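The task is simple: from the sequences and hints, build the whole structure.
For what it's worth, the working numbering labels the leading residue of the sequence shown as 1, then goes sequentially.
Treat each hint with caution, since some may be false.
Capping the alpha-carbon separation at 25 Å, the derived lysine to aspartate or glutamate pairs in DMTMM-like fashion look like this [unchecked claim]: (1) LYS315 x GLU191; (2) LYS315 x GLU338; (3) LYS315 x GLU394; (4) LYS315 x GLU393; (5) LYS315 x GLU348; (6) LYS315 x GLU273; (7) LYS315 x GLU325; (8) LYS315 x GLU361.
Pairwise CB distance ranges (calculated) [what the hints assert, rightly or not]: (9) ALA349 x GLU50: 52 to 60 Å; (10) ASP151 x ALA221: 29 to 37 Å; (11) ARG102 x GLU277: 23 to 31 Å; (12) GLY358 x GLU202: 44 to 52 Å; (13) ARG278 x GLU202: 47 to 55 Å.
Hint data in this document are derived by calculation from the structure and do not stem from the laboratory.
Small disclaimer: the values here were computed from a predicted structure and weren't measured.
In this text, a Cβ means the ideal position worked out from N, Cα and C, and glycines have one as well.
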Amino acid sequence: MSLPASVLVVGLARSGRAAALALAQRGVRVLAVDRSPDVDASRLTDAGVEVRVGTEEVSLLHGMELVVKSPGVPGESPLVTGARRRGLPVWSEVELGWRLLRPRPFVGVTGTKGKTTTTELLGAIFRAAGRPVAVGGNVGTPLTSLEPPDDATVVCELSSFQLEDVHELELEVAVLLNLQPDHLDRHGTFERYRAAKLRILERARHRVVPRELGLDGIPFAADDELPAEPRIPGAHNRANAAAATAAARVLGIDDASIAEALRAFAGVPHRLELVRERDGVRWVNDSIATNTFAVSRGVAAYDAPLHLILGGSPKGEDFGPFARELPGHVRSILLVGEAADGLAAALEAAGRQYTRAGTIEAAVAAAAGAARPGDVVLLSPACASYDQFRNFEERGDTFRRLVEALR
1 MSLPASVLVV
11 GLARSGRAAA
21 LALAQRGVRV
31 LAVDRSPDVD
41 ASRLTDAGVE
51 VRVGTEEVSL
61 LHGMELVVKS
71 PGVPGESPLV
81 TGARRRGLPV
91 WSEVELGWRL
101 LRPRPFVGVT
111 GTKGKTTTTE
121 LLGAIFRAAG
131 RPVAVGGNVG
141 TPLTSLEPPD
151 DATVVCELSS
161 FQLEDVHELE
171 LEVAVLLNLQ
181 PDHLDRHGTF
191 ERYRAAKLRI
201 LERARHRVVP
211 RELGLDGIPF
221 AADDELPAEP
231 RIPGAHNRAN
241 AAAATAAARV
251 LGIDDASIAE
261 ALRAFAGVPH
271 RLELVRERDG
281 VRWVNDSIAT
291 NTFAVSRGVA
301 AYDAPLHLIL
311 GGSPKGEDFG
321 PFARELPGHV
331 RSILLVGEAA
341 DGLAAALEAA
351 GRQYTRAGTI
361 EAAVAAAAGA
371 ARPGDVVLLS
381 PACASYDQFR
391 NFEERGDTFR
401 RLVEALR
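As structure tokens, then:
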């Protein structure tokens, strides 16, 4: 594809760094910018990328023909709004990655929850069928860093942040898993969040959509008949498996290969991950559950008595409905992090008991003392992690380390 002569990359986390390197390797003049002064840009500068950190000066747009925006950069960023005022195109890293990788067929997966699991499951189905596949996007590997063979299918997880700035992205199959309020601190309203998610359907040849949403496409539901029962637990994971099965069938993959993958796929870390069984107590890491919708699905995956660890940094969600609908098998609730006050108020209004643990360390210690054989201790926070951790992975890793250290 033909690329602009000069590109401004805004945001130098994983996606931004990958985009800047991919462009520089193709002879584009790249100016890479991040508002944080603490960015390690040595690899970029070695590749010939000009780097500016600790600034969002709009003057940096001078001479640029395109802006590539990392998903963590809000649309209200001075450089992004300045680019739009000047009529400069603004692409997400996904848009750039798709343009660099076409004409390979793309499968896109989005939804409030279940994206990573379904994306990785689709990758496993392709591999079981002996078909070349590359898995990337929000799942952790930026599209602009992929170098798949020419005959590979690209399966990519797409977040609402990545879908905000797609323009020509075309998908062979678009999978929409579910839609519930999330990231309201970024999008402002559920309507804006929903609109970003639905962009995945705009130029898709085939659409796989939840039956209950009533959208045009191939419907799926958790109670669909599958070629095999999935190894991963929970009704929500059965729905993820149904969506992946529908997408795989559209792409001509046989049921025997789908069944093989469903039986073998053990899931993804931090998503109902069984960390340990100790003295008959199962300890489960669901750190990815950063909203109440995800927690409700995780809680419903178990019928044993539950000790639930909740809290972190709030995302603007109303905890009231969640607190009122918590089932009776949730025997104890341990609150951590900045959202503890909001969660406590909602639980008190719902007549539910709780304990303020404060930290993951204290919550694990309290749960170890309270849990009995047959119980489940579930870290499923309903909140982001940024008050005490860099990301949900670090939070889940900390939980895992503490649990493995229990004597």
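### Query
Within a Cα-Cα threshold of 25 Å, do LYS315 and GLU348 meet the stated pairing?
Between LYS315 and GLU348 the Cα gap is close to 20 Å, so the pair holds against 25 Å.
### Query
Does the structure keep LYS315 and GLU393 at a Cα separation of 25 Å or less?
holds (17 Å)
### Task
Using the beta carbons of ARG278 and GLU202, state whether their distance is inside 47 to 55 Å or not.
holds (48 Å)
### Query
Is LYS315 within 25 Å of GLU273, Cα to Cα?
Holds - the C-alpha atoms of GLU273 and LYS315 are around 23 Å apart, at most 25 Å.
### Query
Holds or violated: are the alpha carbons of LYS315 and GLU394 at most 25 Å from each other?
holds (18 Å)
### Query
CA of LYS315 to CA of GLU361, is that 25 Å or under?
holds (23 Å)
### Query
Does the Cβ pair GLY358, GLU202 satisfy 44 to 52 Å?
holds (45 Å)
### Query
That 29 to 37 Å hint for ASP151 and ALA221 (C-beta), does it hold up?
holds (33 Å)
### Query
Is it true that ARG102 and GLU277 lie within 23 to 31 Å of each other by Cβ?
Distance hint for ARG102, GLU277 is violated at roughly 46 Å.
#### Entry: Given hint GLU325 paired with LYS315 - CA-CA distance at most 25 Å
holds (20 Å)
#### Entry: Restraint check for LYS315 with GLU191, where alpha carbons must lie at most 25 Å apart
Holds, because 16 Å separates the two Cα atoms, which is no more than 25 Å.
### Query
Are ALA349 and GLU50 spaced within 52 to 60 Å by their CB atoms?
For GLU50 against ALA349, whose Cβ atoms are near 54 Å apart, the range 52 to 60 Å holds.
Comparing the model with each earlier hint shows a violation of hint 11 alone; every other hint is respected.
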